[in-house]
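Enquirer: Using the hints, position chain W against chain G.
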Amino acid sequence: QQQVKQSPQSLIVQKGGISIINCAYENTAFDYFPWYQQFPGKGPALLIAIRPDVSEKKEGRFTISFNKSAKQFSLHIMDSQPGDSATYFCATLGSASKIIFGSGTRLSIRP
Amino acid sequence: EPEVTQTPSHQVTQMGQEVILRCVPISNHLYFYWYRQILGQKVEFLVSFYNNEISEKSEIFDDQFSVERPDGSNFTLKIRSTKLEDSAMYFCASRTGLQGNEQFFGPGTRLTVL
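Chains as they are written, first to last, in this note's numbering: chain G, 1 to 111; chain W, 1 to 114.
Here chain G stands alone, though its shape is the one from the complex (with noise of 0.2 Å):
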């Protein structure tokens, strides 16, 4: 009950195409759901959060998709870039606030 499922584990786009990428959860009660990017060598670094009482949240090129009857949500790059290339972590936010990580997907945008 205190896991996210995310998929795929890697992804490879063509520059200007749409990344998308998928997490699953299974306790209601999580409320706060993040994504986050982390390139080599760096920490995690919140790139956009949603909260489960809307159904999408856009922010530029980036958009997160929630369905909360099936308990999924999902990443969409559009007009994917190299400079996206980098691992995708979605996350929910468990007791105490801690951050619960899915199991990443390394994003590789082709030029």
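Just so you know, these hints were derived from the structure itself, not from any lab. All of these numbers come straight from a predicted model, not from anything done at the bench. C-beta: ideal position from N, C-alpha, C; glycine also.
Ranges between beta-carbon positions, derived for each pair:
| hint | chain 1 | residue 1 | chain 2 | residue 2 | range |
| --- | --- | --- | --- | --- | --- |
| 1 | G | 69 | W | 76 | 38 to 48 Å |
| 2 | W | 96 | G | 76 | 28 to 38 Å |
| 3 | W | 51 | G | 18 | 39 to 49 Å |
| 4 | W | 8 | G | 69 | 40 to 50 Å |
| 5 | G | 69 | W | 13 | 44 to 54 Å |
| 6 | G | 17 | W | 16 | 48 to 58 Å |
| 7 | W | 59 | G | 16 | 38 to 48 Å |
| 8 | G | 9 | W | 10 | 24 to 34 Å |
| 9 | W | 22 | G | 95 | 19 to 29 Å |
| 10 | W | 22 | G | 9 | 25 to 35 Å |
| 11 | W | 80 | G | 18 | 43 to 53 Å |
| 12 | W | 70 | G | 45 | 26 to 36 Å |
| 13 | G | 16 | W | 80 | 49 to 59 Å |
| 14 | G | 5 | W | 85 | 23 to 33 Å |
Simulated coverage check for chain G against chain W, where a stretch passes if three residues somewhere in it have a Cβ under 8 Å from a Cβ of chain W:
| hint | region |
| --- | --- |
| 15 | 42-54 |
| 16 | 83-97 |
| 17 | 100-111 |
Expert: Relative to chain G, chain W alone:
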């Protein structure tokens, strides 16, 4: 822009030795965290710290681990007797606690236990 800093960036130690990983959280933050990431795996929560005491700890955070905020700026993670399986990246994070949930992560310390 304020940021979380961590030292050292890389620590190599022998099995059984004690190590102390240091973090300087963002100055007005009140909540502090340690996470670790074994190479190629996901980031895992270790411990949260608030008001000079542990709020929550994971199963990983056993008696070999301890945290301390020895002064107003540093936040340390000590591993008393390191094991090979402690080799990982260790990330410190902090947040204000006043609004929002965003945790700001440091760049990490790579711990290698030989």
